[in-house]
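Number of protein chains: 2
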Amino acid sequence: MNQLPLAELVLSDLAQHDRGSQMPRHRRLYESIRGSILSHRLPVGAKLPSTRDLARDLGLSRNTVLTAFEQLIAEGYVKAQTGSGTFVADTLPEAESAVPVPGAKRASSGPIAAPQASAFAAAAHTAPPLQARLSVRGEKLARIAAGERYEIQPFAPGDPDFSIFPFKLWQRLQNKYWRDARPELLDYGSAGGYLPLRRAIADYLRVSRAVRVTTDQVLITAGTQQSLSLSAQLLADAGDLAWVEDPCYWGARRVFEAHDLALRAIPVDAEGMNPQADDWATDPRLIYLTPSHQYPKSVVMSLSRRRLLLDLAARKQAWILEDDYDSEFRYTGRPLSSLQGLDAHDRVVYLGTFSKVLYPGIKIGYMVVPPALVSAFKSALYDLQRPGQMMLQAALADFIEQGYFATHIRKMRLLYGERRELLRKTLKPILGDVAMISSEESGLHLAILLPPDCDDEELARRAADEGLSVRALSTYYLGAQKERGLVVGYAYVPPDKIAYYGRILGNVIKAGLRR
Amino acid sequence: MNQLPLAELVLSDLAQHDRGSQMPRHRRLYESIRGSILSHRLPVGAKLPSTRDLARDLGLSRNTVLTAFEQLIAEGYVKAQTGSGTFVADTLPEAESAVPVPGAKRASSGPIAAPQASAFAAAAHTAPPLQARLSVRGEKLARIAAGERYEIQPFAPGDPDFSIFPFKLWQRLQNKYWRDARPELLDYGSAGGYLPLRRAIADYLRVSRAVRVTTDQVLITAGTQQSLSLSAQLLADAGDLAWVEDPCYWGARRVFEAHDLALRAIPVDAEGMNPQADDWATDPRLIYLTPSHQYPKSVVMSLSRRRLLLDLAARKQAWILEDDYDSEFRYTGRPLSSLQGLDAHDRVVYLGTFSKVLYPGIKIGYMVVPPALVSAFKSALYDLQRPGQMMLQAALADFIEQGYFATHIRKMRLLYGERRELLRKTLKPILGDVAMISSEESGLHLAILLPPDCDDEELARRAADEGLSVRALSTYYLGAQKERGLVVGYAYVPPDKIAYYGRILGNVIKAGLRR
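Going line by line, the protein sequences match chains W and C.
Under the working numbering, the first sequence has 207 at position 207, and the numbering climbs by one with no breaks.
Under the working numbering, the second sequence has 169 at position 169, and the numbering climbs by one with no breaks.
Same shape as in the complex, but just chain W (with noise of 0.2 Å):
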């Protein structure tokens, strides 16, 4: 084939499609030649004709096509032949033809491709559903799906109330780095994360949960999920056991299950994770443990427990993962002390946030590892995550060593505390005997038990009907047993509308129940 009427062929492509284009023109001519040679109108081999030629015929400036033909050539499509002219490269695989195997340009080759192309071209007609196409683990995340539900309404479990954080305050915190403009900031940084806020969290963790810890012991994460899956990453192998507390925090699940650990769920009862005698027949090699509030049930966990629970991990050499997700809201005395602080043995890797006590999208967590584990997670943290946000670090490290996160801390128990008393007391009338409130005095939800009878999801379902975001208990649990309840958080709520919504999530119980 020979010389083709390039120019009939790009002014009808540019007629038909890019009339009201905002591309400049070189591009506009490079995607209509790209579109001819992909869909064969210009076939292998075809020549061009010549930029001063196109560029007469097309009213275009030379500069424009040749700018155009530079680019096309530098991406492989067309070929210059010093002296001859241009020409439509020979490296499109014809549709019909066989594997290429490389260094056999055509389809006439070698034994391993000619079965593979046969078998693929039968496939390529009863090609599986592309969901079928995930992982094995793919699709089991795919299935749950938690998240994509995800919204803030009243008493959507875990939300903090963000709305009330000191903008103005953390502004100008951040500010002052941003005017500093001290390069490093900007870079991933050192591994572990900021040292000043590495040792402001040291300094708080220390009093506030009598978390045994230096400075090099703390590393800052993206969050909760980026702890957990580090700690599966570095601590357990594909198949090894997780013990889970059931019913259990749906992400902590998400977050195992992605990297195949088997679990088994451990019942939980008014004391925390109660093991059986079949649980201790087993070898866990992590322990994922929610001791100061457990998630969801609301219950604390009882010294014997977490006793028992440090001497098991120190037996069987397991990991025990200690969320300590939102312990600073505890609203008489004094936050609980860590499980971490108890243990003799650092089998403890220690859990925190800052997204239940600052807001959720800060995205800032930590994590408390033992001396020994420290050289190994801080690289495993840079190599796998990236460290990163280091001007939000070093405001955040400023908010804390001025008090300000203190002073946060203090605010918000107060405001949740009376939210919560609020909540209760709303409820309680109208629930009566029918169930029964959690009465852990900590967190930032409570769950309500019910009857062992009754359908918390349809309860769910119907509260959501009225605009509640309670989720049902029995869904939090992996093992047959589950217990029926609502998990319903407060802290979002503003307490003028506490009593009012309230009210409504008694009654949609209340009538529920009665059917």
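Take the hints with a grain of salt, since some may be wrong.
Copies of the same chain are indistinguishable here, so a pair counts whether it falls within one copy or spans any two.
[To be verified] Mimicking EDC-like on lysine to aspartate or glutamate, the simulated pairs with C-alpha atoms at most 16 Å apart in a straight line are:
| # | residue 1 | residue 2 |
| --- | --- | --- |
| 1 | K510 | D453 |
| 2 | K168 | D180 |
| 3 | K140 | D237 |
| 4 | K482 | D269 |
| 5 | K482 | E458 |
| 6 | K316 | D283 |
| 7 | K482 | D453 |
No lab work stands behind these hints: they were computed from the structure.
Chain C: place on chain W using the hints.
Chain C in isolation, oriented as in the chain W frame:
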């Protein structure tokens, strides 16, 4: 045992340890009693003095003592028995006891517990070193630990020059949102990221990178490592095969290893990844590629190789991960079109990042996923990683929409292009014919290819002795056939220093090769 001289214990304890402590008094008292209980100085069942007596003996207010006692009761260390006093609780498993089976308080317990306990007692003295208790994948990661050595020095590959980032402008854009104080921007954010940012990225990719994309296909992540993790989790299972380029970007390799993928190293020649006949016989689930600018070899993938790999992915139902990390920086002509834009079978997941264009620590990246995968990726992104940084995402959307992004790219492209030329001009006369400097006009680094018998790791060490951070090309290889050379980043080095440091580097290489 009966009432103990608790006041004396406490007083001696305080005198010994806490003289300078800034803790409130009730806390010091709490710590002291707790310590006495944990160390068995106050044994189980011991009766504590009345709060009134203790307050008098210690010269403290009764309220202080009451606060301490309440905390001890809340945490389970002591028990109050109405009418008879406060006693040390029976919750402390003795060190010498066997495994405490739930329900059986003492060690004379069930058949499960006993053998484990003795096995443990024996093991306790021969415990493996802690490092050996990392998971297999954890150990692999800890052994390599590329990240910990990261430092900003001249020629560190991959660093953009964030010292000339427009701090002031960026601060202004961010402040607009902090002033507005829209609480919803403090939340995790809707799945997929801030909508205007997703739209701005789609518009940018469509025009600049020839990516075929709708806004819905764009998902905002916390960077390329996070995009790779999600892809490995959702598209591959433990043991599945991933093809990687050889040499390969180490950060991607680590993520795949952390997710238990089997890696197959496919050689890279002057046209990019070049699968051999025995590679064709394997069935990859993932194919990781850097087509625009191979990392670290610095070659651009040819059009024929692109088509070949797209064809292969469609036939084998593999997913291509196209990591387009620094394609914005092409110094002659426009950036090359993406591989994704050529794909007719929706087999490409396209990965981009703002870390190379703006600053590394911004930790905002994006992925373009095929339409059929959008919903699975969105919900996994929420469940496994949690989104966030919506304030930053909003500022970034404005940065792009108001044209600053394009301006910044143009500015940096000019600068980097000059630096690249300067470095090449400095090195060429020193190295002469002993080394080949990569000639692709793009990216933030170049590769210097050296004779196959040289020790490039030794050369990198010698450069490090001179304060230069270059990486040995051979260390990027997985396979046995390693090319020798050095990977040199020029983007972060100011022009007045490139000639100076470049001469040092050139002389280190020349001297090293001469031996």
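Hints violated by the structure (listed by number, smallest first) = none
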